[in-house]
Each structure stands twice: as structure tokens, then as C-alpha cells.
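As a plain string of letters, each chain reads:
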Amino acid sequence: MNENVHRETRSRAILRWLVAAAFIFAVAASGLFAGMMNRAGLIFLLLGTAASVLMGFSRTEIAAAFRHAVGRPGPPEDLRRSAFFWEAAARNAWILGVLGSVLNFTLVLGGGSNGIADISDRMIQSFVVTLYGLILAIVFMVPAMKLSRRAGKEGFAAGRESAGKRFIFFERATGYALFAVILGLTIFSLVKSYPPGGPLPATRYMLHLPAALVVFGGAIALSLFMGTGGRSLTFGFGMTGLVALLLGLIQAMFGFVHTNISEIAAAVSFIISASLYTLLGLILLAAPLEDRALMDGRRDGKGRLSGIIWGIFPLLAFFFLILTWIMVITPMKKAG
Amino acid sequence: MITEKNQDKHLDEMLRAALADDLPDEVAAGMRSRIAAFRAQTAEEEESPAAFFWFFRKGLWAALAIGMLVAGFLLQSLQSRNPLADRIALIKTEFANPETGRPADLHSDSWNSAPTAYPADNPGDKEV
Numbered sequence: 092m093n094e095n096v097h098r099e100t101r102s103r104a105i106l107r108w109l110v111a112a113a114f115i116f117a118v119a120a121s122g123l124f125a126g127m128m129n130r131a132g133l134i135f136l137l138l139g140t141a142a143s144v145l146m147g148f149s150r151t152e153i154a155a156a157f158r159h160a161v162g163r164p165g166p167p168e169d170l171r172r173s174a175f176f177w178e179a180a181a182r183n184a185w186i187l188g189v190l191g192s193v194l195n196f197t198l199v200l201g202g203g204s205n206g207i208a209d210i211s212d213r214m215i216q217s218f219v220v221t222l223y224g225l226i227l228a229i230v231f232m233v234p235a236m237k238l239s240r241r242a243g244k245e246g247f248a249a250g251r252e253s254a255g256k257r258f259i260f261f262e263r264a265t266g267y268a269l270f271a272v273i274l275g276l277t278i279f280s281l282v283k284s285y286p287p288g289g290p291l292p293a294t295r296y297m298l299h300l301p302a303a304l305v306v307f308g309g310a311i312a313l314s315l316f317m318g319t320g321g322r323s324l325t326f327g328f329g330m331t332g333l334v335a336l337l338l339g340l341i342q343a344m345f346g347f348v349h350t351n352i353s354e355i356a357a358a359v360s361f362i363i364s365a366s367l368y369t370l371l372g373l374i375l376l377a378a379p380l381e382d383r384a385l386m387d388g389r390r391d392g393k394g395r396l397s398g399i400i401w402g403i404f405p406l407l408a409f410f411f412l413i414l415t416w417i418m419v420i421t422p423m424k425k426a427g
Numbered sequence: 234m235i236t237e238k239n240q241d242k243h244l245d246e247m248l249r250a251a252l253a254d255d256l257p258d259e260v261a262a263g264m265r266s267r268i269a270a271f272r273a274q275t276a277e278e279e280e281s282p283a284a285f286f287w288f289f290r291k292g293l294w295a296a297l298a299i300g301m302l303v304a305g306f307l308l309q310s311l312q313s314r315n316p317l318a319d320r321i322a323l324i325k326t327e328f329a330n331p332e333t334g335r336p337a338d339l340h341s342d343s344w345n346s347a348p349t350a351y352p353a354d355n356p357g358d359k360e361v
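So the protein sequences, as listed, match chains A and B. Residues in the first sequence are numbered consecutively from 92, following the numbering used here. Residues in the second sequence are numbered consecutively from 234, following the numbering used here.
Extracted from the complex, chain B is given alone in its bound form:
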């Protein structure tokens, strides 16, 4: 442990001797300008368009996602029609009238009752 500390001490002394504050003026000026350029570049990068676009893109995604979520909830609460829901309504009315074996309210215009079958489903079929 003590040996290690001694080694560190020697190393410190060597570094101090090698990097003494006696740089020529032009070298010191060059270093100062490089440090200034580095600082300016870092500051520029922080405000660069890429960073701006990244945040903008992330914000855009978040807005899009929340928009999708709200639109989905609204569409569902408004009971927008879709083929699966129509089929379920048709089957449910079929279960309600098992003796007829067919939907009870096929010709209804209102969607408060079971909807009509899609004509495209069975183009050859005709209602009897």
C-alpha cells in the first residue's frame, strides 16, 4: 500500500515537471482556440436541428398515439358499425329465436336491433 502511494507520488512529480506552465505563447493560443472551438461545437450540437427534430418526432409520436387512443374510444362509444359486431348481433337474435332458426329482425332499418346481413357476404342468396 505504502509502495503504491510512493509510486503515485513519483508519477505526480514527473507529470508536473513534464507539463509545467511554460508553454510558448503560440502553443497556448492554439490550445485556447481549440478549447473555444470545442465548446462552441458542443453548444451548437445541443441546439442542433437533429436534436430538435428528435424531440419534435417524439412529441409527434406521442400526439399521434394519444390521438389514436381518443379516436378509438370515441368510435367505440359511438358504436361505429363493423362487420364483426353485425354478425354478432345477427347470431344473438338467432339465439333469441331458436324455433325459427334465423334472425328475427333481418329487415330492420334501425341499428338498435339486429342489422341486416351484408349483401356482399352471400351475393347469390336471396331473402325468402
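Just chain A, same shape as in the assembly:
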């Protein structure tokens, strides 16, 4: 009796996922949203999310999360852990969506162009990756919310030893290696698609010394004062990134007042690079450490401040990216 009910629940869950996948495929195949297609960005997002969850979770935890998502029953504590896995995946998809946009935008600015219309088109194309990230995050939030409801409202059991703790080193190494490969391939793919004549050493455009010094210096300083661990790193990166964005914005406004193109360009490049480094710090360093602390039972609950930073900072970075786009396309004559 019980077995039949489980089988039925699982079949229903699989059917729902299949219908959703078929719907997405039909929309993509219809060509209605052909202008919204950014293949390199989509691949970066999907594989990047897979790599990012490997950095913070063990194989056993990932497998359990998938089993619970398709309706397999389990004790409330395990369901809670699986719900947290899906929440983390949603968070990573959201951050990676914005990161993909920032990366694409940087490479568009650094690449060659076939005129104003072409470069404007490619700049807007880079924003599409954030949309993909948001959609993927919503998709991952569905199992997270359902599992949270099934698990009840209790907190995490602190001090509980995770079953997959011993194997996390392998997953973490694989996750970082996979992420490095995906990042390299995405940059290569984006640079290759640009018109001939564009400057190829794209990494040169991604290295911005003042932004790197401010973001990493600030994050290290703040996390030293706050104490070790993922939460202090999240706070460090989030707050330093916010300061850097505001600094860049104020400098750009001064540039407009002084009608000084070089000042605006310096500010815009600072904003873009600071966003890039902050998002990379959040996804590669802070998030995996915080996920692991919770799954290993070293924390008894999700950090509220970290949650706010993970939600708000990528959104702010996206708005600042739009602002930089407006600043770049706003015509301006040289002063004097």
C-alpha cells in the first residue's frame, strides 16, 4: 500500500518535470524568442551551476536531494537538507546569471565591433544571461519550497555529522576544475564569435588592478575582523562590492559633470570589474564554505544577512550594469 503511494507520487513528479521540460523545449524550438538566445551564456549558466553545487555538497547529498525532489520520502532532517541544497542551487543560478552578464558585457566592450548598432546589440544580448539565471533559480526554488513544507519548520540539527563529509574534497576539486574549464571555454567562445580585428587577449580586459585591490583587500580585511568562515567572507565580499559600486557611480557622475570621457570610462570599468570580482568571490569562496558549514552541522541555521547579500548584491550589480550601459551609449562631446 505504502509502496504504491510512493511509486504514484514519484511518477507524478517525473511527469510534471517532463511536461515542464517539453514546454520549455517547444518555446525554444518555436523561434519566438530567437532574439533572446545567448548560447554561450546558457551553457555557462547550466554547467556553472552544476560546478558550483559540487563545490559545496557531496555526491550523497546531491543524490538524496534529487531523490527527495521526485517524491521519495525521508526523515524531516534529510528533507530539510535537500531543501537547502535546492535553495543553494537557486542562489548559485541567480549569482551565475548576473556573473554571466557581467562577463559577457566585459568581453563585448573589450572586443572589436562592426559599428554602433552591432556593439549595442551585443551589449543587450549580455543582459539575457541574467534572465536565464532568474528562470533557473525559480525552477530550483520549486523543489526547495516543496521540501521545506514537507520537512516542517524546525531548524537544522547542529552538530550532526554529514554522511558525505569524507568525500567532499573530491567533489570540491571537481567543482573548481569544472568551473575553470567552463569559464575558459565561455571566454573562448565569446571572443571567437566577435568580428575579426577585435583584440583577442580578452583576459586583459578582465584584469583591473584597482578593482581587484579594493574588492579582495576589503573582503580579506572585513573577514579578518569578523572572524573566519563563510559568513564573514560573504559579508566581506558583499559590503566591499557595494562600496566599490557606489564609488564607481560617484566617480562617473563627477565625470559627467566635468564632461571628462576618461573619468567616466575609468569609473565604468571600475564598476564592471568590481561586480565581476565580487560575484566571483561570492560564488567561488563564500557560498561553498557557508554551505559546507551548514551541511556539516557547524551552523544551526541559514544566515539571514548572507541570504540578503546573496539576493540583493547580484540585483544591484545588474542594475549597475544597466547604468554603465546607459553611460557608455550616452553621447558626450569633449569639454573645451
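In short, the hints are calculated from the structure, not lab data. Just to be clear, a hint being listed does not mean it is correct.
[Unchecked claim] To spell it out: a stretch of chain B is covered by chain A in this simulated footprint if at least three of its residues, at any positions, have a beta carbon under 8 Å from a beta carbon of chain A; those stretches are:
1) 293-301
2) 305-315
3) 318-326
[Stated by the list, open to error] Taking CB as the label site, the calculated pair distances span:
4) Gly402/A with Lys291/B: 27 to 33 Å
5) Thr151/A with Ser313/B: 46 to 52 Å
6) Leu293/B with Ile399/A: 30 to 36 Å
Yeah, the Cβ is synthetic: ideal placement off N, Cα and C, and Gly gets one too.
Go by the hints and put chain B onto chain A.
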């Protein structure tokens, strides 16, 4: 509850009887010396070079981080040149002169206007 208290009382009495203050002198001296050695070791550990280096290392990291932060702010406020900013300036001037379709101020020596293109970017290209 009362039974538990009685049990504790018996245990106390047994312990008192077993650990009476009648240790032989050499054993008492040995214990005293061990306690003194333990205290000395603990005090030594508190002032050990490892602890000193840990604090020094933490202080060094903090100084390095703050140095990086200050250097970053200074470099940014001085508008140090970098390839991305140069490209943005170039694109911005291109947007300002859409009819020509090319940057307006390519031969400028001053960085108050749009900078020149990097020669290394397009080694084969020549300015017309």
C-alpha cells in the same frame, strides 16, 4: 530523587576514604613537581613563538588587506589607465560621432579625451 542523593552521599564518603590526605612524602613531592611542570608548560605555551607568529601573521594579513584597499582607492582616484577603460572611452566617443562611425579623437595625446587604440590590439591595421 532521594535515592539518588543517598547514592551520591555514599560515593562521596567512598572517595574521601580512598583519597585521604595521607600520601607518602615522595608521592606528594612528585605530584607537586608535576603540577609545577604543568603550570610552567601552560605559561610557556601562552607566550610561545607559535602564538606570537599567529598574531603576527593575522596582523600582517590585516595590514596587507588594508594596504591593498588603500592602494586600490588611490589608483582608482588617480584614474590609472587600463585596457578596459581605454576601450570604453573609445566606444563612448564612437557613440558621440555616429555619422563617422569611428572614434573622434584617435590621435589625442592627452588622456582627458578618448585614448588612442592599442597598437598591439590590431598589429596589421594601419590608421587611414
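So, going through the hints one by one against the coordinates:
{"no.": "1", "hint": "293-301", "result": "holds (count 7)"}
{"no.": "2", "hint": "305-315", "result": "holds (count 8)"}
{"no.": "3", "hint": "318-326", "result": "holds (count 8)"}
{"no.": "4", "hint": "Gly402/A with Lys291/B: 27 to 33 Å", "result": "31 Å, holds"}
{"no.": "5", "hint": "Thr151/A with Ser313/B: 46 to 52 Å", "result": "49 Å, holds"}
{"no.": "6", "hint": "Leu293/B with Ile399/A: 30 to 36 Å", "result": "32 Å, holds"}
Every hint from the earlier list agrees with this structure, and none is contradicted.
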